[in-house]
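Take these sequences, add in the hints, and give me the full structure.
Sequence order for the protein chains is U and A.
Going by the numbering used here, the first sequence opens with residue 2, and the numbers climb by one from there.
Going by the numbering used here, the second sequence opens with residue 501, and the numbers climb by one from there.
Quick caveat, the hints were computed from the structure, so don't treat them as lab data.
Just so it is clear, CB atoms sit at the ideal spot from N, CA and C, and this is done for glycine as well.
Hints are not guaranteed to be accurate.
[To be verified] Just a few of them, taken from the derived set where beta-carbon distance is under 10 Å, the chain U residues facing chain A:
#  : residue
1  : I12
2  : L17
3  : R19
4  : A28
5  : N31
6  : S33
7  : R37
8  : L40
9  : L44
10 : R120
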Amino acid sequence: MNDQRSQRGSIGDEGLDRALRAIHADAVSNLSARTRAQLQQRLRSATRPAPARRHGWQMASALVALVLVAGAYWRTTSLPGATPPAAVATTNTDSGDLVAVIDETPDLYLWLDSDEATRLASE
Amino acid sequence: MHADAGQLSRESPVAPPGDELVAPTLEQFLADIGGRAFRFAEIGLRQRDDALDAVQDAMMRMLGYRERPEAEWTPLFWSILRRRIVDLQRRRAFRLRFLAPSTHDDDATIDWVDDTPGPSRSHESRDLCARVAAALSALPRRQREAFTLRVLEELDVGDTARAMGCSEGSVKTHLSRARVALKLQLGDVVEGGLP
Chain U
2 MNDQRSQRGS IGDEGLDRAL RAIHADAVSN LSARTRAQLQ QRLRSATRPA
52 PARRHGWQMA SALVALVLVA GAYWRTTSLP GATPPAAVAT TNTDSGDLVA
102 VIDETPDLYL WLDSDEATRL ASE
Chain A
501 MHADAGQLSR ESPVAPPGDE LVAPTLEQFL ADIGGRAFRF AEIGLRQRDD
551 ALDAVQDAMM RMLGYRERPE AEWTPLFWSI LRRRIVDLQR RRAFRLRFLA
601 PSTHDDDATI DWVDDTPGPS RSHESRDLCA RVAAALSALP RRQREAFTLR
651 VLEELDVGDT ARAMGCSEGS VKTHLSRARV ALKLQLGDVV EGGLP
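Below, the structure is given as structure tokens:
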């Protein structure tokens with residue numbers, strides 16, 4: 002323990018840093034050829050996305066857009082049940098058809114024109 | 501494979517025509533830092549393939565910050581790599597604990613060139629570097645990060661703090677403790693002189 006303490010005290014921070022920095026630089030400059038090649042290959046694959054991958058995304062996007070358009074088209078043209086409410090609404094608001102309804106049930110209008118209705122209104 | 505690597509090195513400073521996705525300077529930065537990043541990851545993970553994966557992931561993520569000023573690249577890259585290493589360490593710990601406790605095999609040796617002249621000197625250097633790597637690996641993670649970034653990579657205290665995600669005071673504390681431990685572990689190496 003005393004030996005360790007004296008050893009620790011005799012080595013300065015700068016000496017330690019300088020020695021280990023030199024050893025580390027030696028280690029970095031002595032990477033194996035295989036590792037250097039793999040590092041450069043991985044760097045290349047990281048910095049240049051593969052064309053196939055880019056085309057793949059474009060194809061997928063186009064396919065999704067096509068499916069959405071086809072779905073929307075099919076829904077508007079092939080589902081007859083989807084349109085009738087609009088047709089009914091249109092029918093109900095059409096003035097010609099309203100006249101037809103009144104013509105079929107004129108009792109209400111006959112009563113409105115009667116004396117009883119006039120008396121009730123005056124009360 | 502080696503020929504491809506040499507070709508890439510020659511091409512790196514200049515972007516290929518039409519390729520505007522990556523600024524050449526960032527590509528060059530990543531090419532320059534690759535070897536040092538690998539050693540950093542190798543010490544942290546003690547496994548060559550995991551170290552390569554960590555470096556590649558860090559490079560890919562770094563490309564997302566290409567708009568950042570060049571002065572920020574260094575602490576940013578080390579920060580990304582450091583976090584990636586921590587992720588891999590945690591994943592590995594989970595794997596060891598629950599899935600495959602008997603299949604793990606730490607690579608005790610370090611990656612080293614095999615075709616240098618003077619095999620005896622190369623062997624000595626390799627042993628020395630392996631010993632330093634083992635001493636750094638044995639340090640607590642934060643101490644190892646502080647010493648590696650501040651001393652070996654020569655980042656200033658501010659950049660080291662940014663890369664580690666802590667205060668400058670914490671960096672100094674971790675660094676001081678790392679030095680004490682390393683002096684105990686490697687005192688004879690330092691006093692014996694450089695290879």
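Quick one: which hint numbers does this structure break? Sort them smallest to largest. 10
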